[in-house]
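*Asks:* The chain contents come next:
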Amino acid sequence: GQKMSLSVLESMGFRVGQALGERLPRETLAFREELDVLKFLCKDLWVAVFQKQMDSLRTNHQGTYVLQDNSFPLLLPMASGLQYLEEAPKFLAFTCGLLRGALCTLGIESVVTASVAALPVCKFQVLIPKS
Amino acid sequence: MAVCIAVIAKENYPLYIRSTPTENELKFHYMVHTSLDVVDEKISAMGKALVDQRELYLGLLYPTEDYKVYGYVTNSKVKFVMVVDSSNTALRDNEIRSMFRKLHNSYTDVMCNPFYNPGDRIQSSPGGPYSRVRIQSRWALLPVSDPVQVGPTSCVRSSPAGPLITW
Numbered sequence: 347g348q349k350m351s352l353s354v355l356e357s358m359g360f361r362v363g364q365a366l367g368e369r370l371p372r373e374t375l376a377f378r379e380e381l382d383v384l385k386f387l388c389k390d391l392w393v394a395v396f397q398k399q400m401d402s403l404r405t406n407h408q409g410t411y412v413l414q415d416n417s418f419p420l421l422l423p424m425a426s427g428l429q430y431l432e433e434a435p436k437f438l439a440f441t442c443g444l445l446r447g448a449l450c451t452l453g454i455e456s457v458v459t460a461s462v463a464a465l466p467v468c469k470f471q472v473l474i475p476k477s
Numbered sequence: 222m223a224v225c226i227a228v229i230a231k232e233n234y235p236l237y238i239r240s241t242p243t244e245n246e247l248k249f250h251y252m253v254h255t256s257l258d259v260v261d262e263k264i265s266a267m268g269k270a271l272v273d274q275r276e277l278y279l280g281l282l283y284p285t286e287d288y289k290v291y292g293y294v295t296n297s298k299v300k301f302v303m304v305v306d307s308s309n310t311a312l313r314d315n316e317i318r319s320m321f322r323k324l325h326n327s328y329t330d331v332m333c334n335p336f337y338n339p340g341d342r343i344q345s346s347p348g349g350p351y352s353r354v355r356i357q358s359r360w361a362l363l364p365v366s367d368p369v370q371v372g373p374t375s376c377v378r379s380s381p382a383g384p385l386i387t388w
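Chains as they are written, first to last, in this note's numbering: chain A, 347 to 477; chain B, 222 to 388.
So here's chain A without its partners, still in its complex pose (with noise of 0.2 Å):
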């Protein structure tokens, strides 16, 4: 059904995130910490893919990041506001997994969630469970 479906969206992204994870850092130089990471997947990822950064990071320097994009591009044609609310999560999958396999390229196992209080703003939390 609908979770099934999501999951296996979410698993494409996955794919996906995994190989640009590989492709894109090629040039610069290695990170130096998580942190860089993040700002790695704000601004060339999401450049790369969306062709815009990301609005904000937050993080609560615990292993919890919020990245939030107020005019999310696969949401943005699609209304602006509460209309379609509960089909948002069927454009957010894949991006989740995207975010989730670039990190795991780069060496960090994460939770990606993401939710949407109002089109098209939408925000991914980032969970590093710390080892």
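The hints are simulated quantities; they were obtained by calculation from the structure and are not laboratory data. A portion of the hints provided could be inaccurate.
Once the Cα atoms are required to be at most 27 Å apart in a straight line, the calculated BS3-like pairs of lysine-lysine come out as [said to hold, decoys possible]:
id, chain 1, residue 1, chain 2, residue 2
1, A, K398, A, K469
2, B, K231, A, K476
3, A, K389, B, K248
Keep in mind it's a predicted model, so treat the numbers as computed, not measured.
Chain B: place on chain A using the hints.
*Replies:* Relative to chain A, chain B alone:
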């Protein structure tokens, strides 16, 4: 000319090893294995070093009497190790660097191949129609995934789940 090339995954198992067929392959496997210690040492040293010195190319790992071993690590902690004949003094540092760069490009292409599962051994088909990058040598073929066989009986060939060579 490179005598042996190896691609090692970040969990330190080999994804791809190819060496000149005339030589004893096991010797090169052993050499690559021992060079991994030096690679790990360099990576941890790099972690503590200053900002400017961070680089993907690791340089000469260690010289033996017949061979020199060079290393390179990617951002995804995949390591490339190259063994070169010592007698070939014409090979300069920037040539080694460019060989590693080509290797990195080919590895990235393999990663982006949707039929390749990350973590599988890399199959290289000597007669394959897909791109082969030659590193200054006839036999040093770069890894590509086998092409999909379209037909009534076969489907996408799936590699075994784990590594075939375990050290």
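*Asks:* What are the numbers of the hints that this structure violates, sorted from low to high?
*Replies:* 3
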